[in-house]
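Put together the whole structure using the sequences plus the hints.
Residue numbers (the working numbering): 21 to 147.
Simulated from the structure, these hints should not be mistaken for lab results. Ideal Cβ positions, reconstructed from N, Cα and C, are used throughout, including at glycine. Take these hints with a grain of salt, some might be off.
[To be verified] Within a straight-line C-alpha distance of at most 30 Å, the following computed DSS-like cross-link-like pairs (lysine-lysine) qualify:
id : residue 1 : residue 2
1  : K85       : K131
2  : K102      : K124
3  : K59       : K102
4  : K79       : K61
5  : K138      : K102
6  : K54       : K93
7  : K79       : K131
8  : K103      : K71
9  : K85       : K61
[Stated by the list, open to error] Label pairs and their calculated CB-CB ranges:
id : residue 1 : residue 2 : range
10 : E98       : A129      : 34 to 44 Å
11 : N55       : N127      : 31 to 41 Å
12 : T56       : I90       : 34 to 44 Å
13 : D87       : K108      : 30 to 40 Å
14 : E132      : K102      : 26 to 36 Å
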Amino acid sequence: MKIFRNISLFTFVLAFFSFANLNAQTATTAPATKNTVIKIKTSGECEMCKKAIESEVGKMAGVKKVDFDIATKILTVEYNSKKVTPEKIRKAISDIGYDADDVKANNRAQKELPSCCKPGTADSVPK
Numbered sequence: 021m022k023i024f025r026n027i028s029l030f031t032f033v034l035a036f037f038s039f040a041n042l043n044a045q046t047a048t049t050a051p052a053t054k055n056t057v058i059k060i061k062t063s064g065e066c067e068m069c070k071k072a073i074e075s076e077v078g079k080m081a082g083v084k085k086v087d088f089d090i091a092t093k094i095l096t097v098e099y100n101s102k103k104v105t106p107e108k109i110r111k112a113i114s115d116i117g118y119d120a121d122d123v124k125a126n127n128r129a130q131k132e133l134p135s136c137c138k139p140g141t142a143d144s145v146p147k
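Below is the structure:
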């Protein structure tokens with residue numbers, strides 16, 4: 021009987037550790053949260069605009085990567101959709117003085133921009 025009891029105890033311990041190991045493997049191999057990418061048309065004009073927009077959007081919680089293409093005026097943002105929304109990103113851009121798709125720039129912020137960053141003035145300023 022003692023041998024049978026030891027075998028039962030061994031089987032229980034083996035099953036317990038096998039189950040615990042299976043749970044640990046499942047936890048480490050779970051798929052990572054996939055980031056979302058959005059492209060936003062802005063009114064940015066120059067390198068100063070690029071720095072301002074990338075800096076402001078880049079410090080938002082959930083934003084992973086930001087790239088503003090001056091030539092196309094397109095801002096590409098990679099973000100975690102559980103932490104930030106496209107609406108919040110557009111509002112942040114508007115709040116610093118730039119249009120963001122159909123969200124118009126905050127008038128007060130736009131007036132505070134350097135002259136080279138105001139819409140329509142980049143053609144006269146070297147890049």
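Each hint tested on the structure:
1. K85 with K131: Answer holds: K85 to K131 is near 28 Å, not above 30 Å.
2. K102 with K124: 25 Å, holds
3. K59 with K102: Distance of about 18 Å is within 30 Å: holds.
4. K79 with K61: 19 Å, holds
5. K138 with K102: Status violated; Cα separation ~33 Å.
6. K54 with K93: 26 Å, holds
7. K79 with K131: Holds. K79 to K131 sits at ~23 Å (cutoff 30 Å).
8. K103 with K71: With a Cα-Cα distance of about 23 Å, the restraint between K103 and K71 holds, given a limit of 30 Å.
9. K85 with K61: Holds. K85 to K61 sits at ~16 Å (cutoff 30 Å).
10. E98 with A129: 34 to 44 Å: 25 Å, violated
11. N55 with N127: 31 to 41 Å: 33 Å, holds
12. T56 with I90: 34 to 44 Å: 24 Å, violated
13. D87 with K108: 30 to 40 Å: 18 Å, violated
14. E132 with K102: 26 to 36 Å: 33 Å, holds
The structure fails hints 5, 10, 12 and 13 (numbered hints given earlier, in ascending order).
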